[in-house]
Amino acid sequence: AQSVTQPDIHITVSEGASLELRCNYSYGATPYLFWYVQSPGQGLQLLLKYFSGDTLVQGIKGFEAEFKRSQSSFNLRKPSVHWSDAAEYFCAVVPVSGGYNKLIFGAGTRLAVHP
Amino acid sequence: EAQVTQNPRYLITVTGKKLTVTCSQNMNHEYMSWYRQDPGLGLRQIYYSMNVEVTDKGDVPEGYKVSRKEKRNFPLILESPSPNQTSLYFCASSHTLLSGRSYNEQFFGPGTRLTVL
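Top to bottom, those sequences are chains D and W.
Mapping the first sequence onto my numbering, position 48 (from 1) lands on 48, and the numbers just tick up by one.
In my numbering, each residue carries its 1-based index in the second sequence increased by 115.
Don't take each hint at face value.
[Said to hold, decoys possible] Listed next, the in silico SDA-like pairs over lysine to any residue satisfying Cα-Cα at most 20 Å (straight line):
#: 1; chain 1: D; residue 1: K49; chain 2: W; residue 2: K172
#: 2; chain 1: D; residue 1: K49; chain 2: D; residue 2: T12
#: 3; chain 1: W; residue 1: K172; chain 2: D; residue 2: S73
#: 4; chain 1: D; residue 1: K68; chain 2: D; residue 2: G28
#: 5; chain 1: W; residue 1: K172; chain 2: D; residue 2: G28
[Unchecked claim] Computed footprint of chain D on chain W, listed as stretches where at least three residues anywhere in the stretch have a Cβ under 8 Å from a Cβ of chain D:
#: 6; region: 153-159
#: 7; region: 182-195
Keep in mind the hints are simulated off the structure, nothing from the lab.
Computed from a predicted structure; not experimentally measured.
We put the CB at the ideal spot given by N, CA and C, even for glycine.
Whole structure, please, built from the sequences with the hints as guidance.
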């Protein structure tokens, strides 16, 4: 079945440590790929997106993501986490078949940052 | 300021009492959509609209209605709310989703937390 999987429900890291959030998708053709962040009580903000081309994508707030076709993955990374990065992170895809009409979200990964 | 607004932000109601959650955008976007967010499920699309008077079902449309009479507004209507519609609701908008080789970013409202008793 077509799906977006974020294997980690919760992750806790220390401030200043590196971060990697995992995302895997299951679609026949590579979809458009996105990472969103939701801070407590806020709406969703787009961190970065991948359509084609360079597989390493830079986003806002110091985040980057790498697309790996062989692994059907689009993992989000940050070299040094700040306390303000505590939030919920969603991987999302737009399938390239079916009219591009919607974002399909993973279940989310909640990030906690210890001082 | 470019934004998507939703009202109310919080609502507690009782089973069967009709309610409307409003959504408005000031960016002249063609596309608008409603999502619900539930723990462990991420966001799921309820309905979307490609333009005025053009709406279609998303993945979880049961129990909801929408209308798109004006470009800027896309209200979500619950004719007879039930407890399983207790959720966090987000409205989103964007320019035409796919233009050329680019996919236009969806902008999200702040969310409406609905509790149905």
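A quick look at each hint next to the structure:
With a C-alpha separation of about 25 Å, the suggested pairing of K49/D with K172/W is violated against the 20 Å cut-off. Between K49/D and T12/D the alpha-carbon distance is near 24 Å, which puts this suggested pair outside the 20 Å criterion. Annotation: proposed proximity of K172/W to S73/D is violated, straight-line Cα distance about 29 Å (limit 20 Å). Pair hint K68/D plus G28/D holds up; C-alpha atoms about 14 Å apart against a cutoff of 20 Å.
Note on K172/W and G28/D: the hinted pairing is violated, with a Cα-Cα distance of about 23 Å set against a maximum of 20 Å. For the region 153-159 of chain W, the assignment as covered by chain D holds, since 5 residues bring a beta-carbon within under 8 Å of that chain's beta-carbons and 3 suffice. Given a C-beta distance limit of less than 8 Å, the hint that chain D covers the region 182-195 of chain W is violated, as 0 residues qualify and 3 are needed.
The structure is inconsistent with the numbered hints 1, 2, 3, 5 and 7, although it conforms to all the rest.
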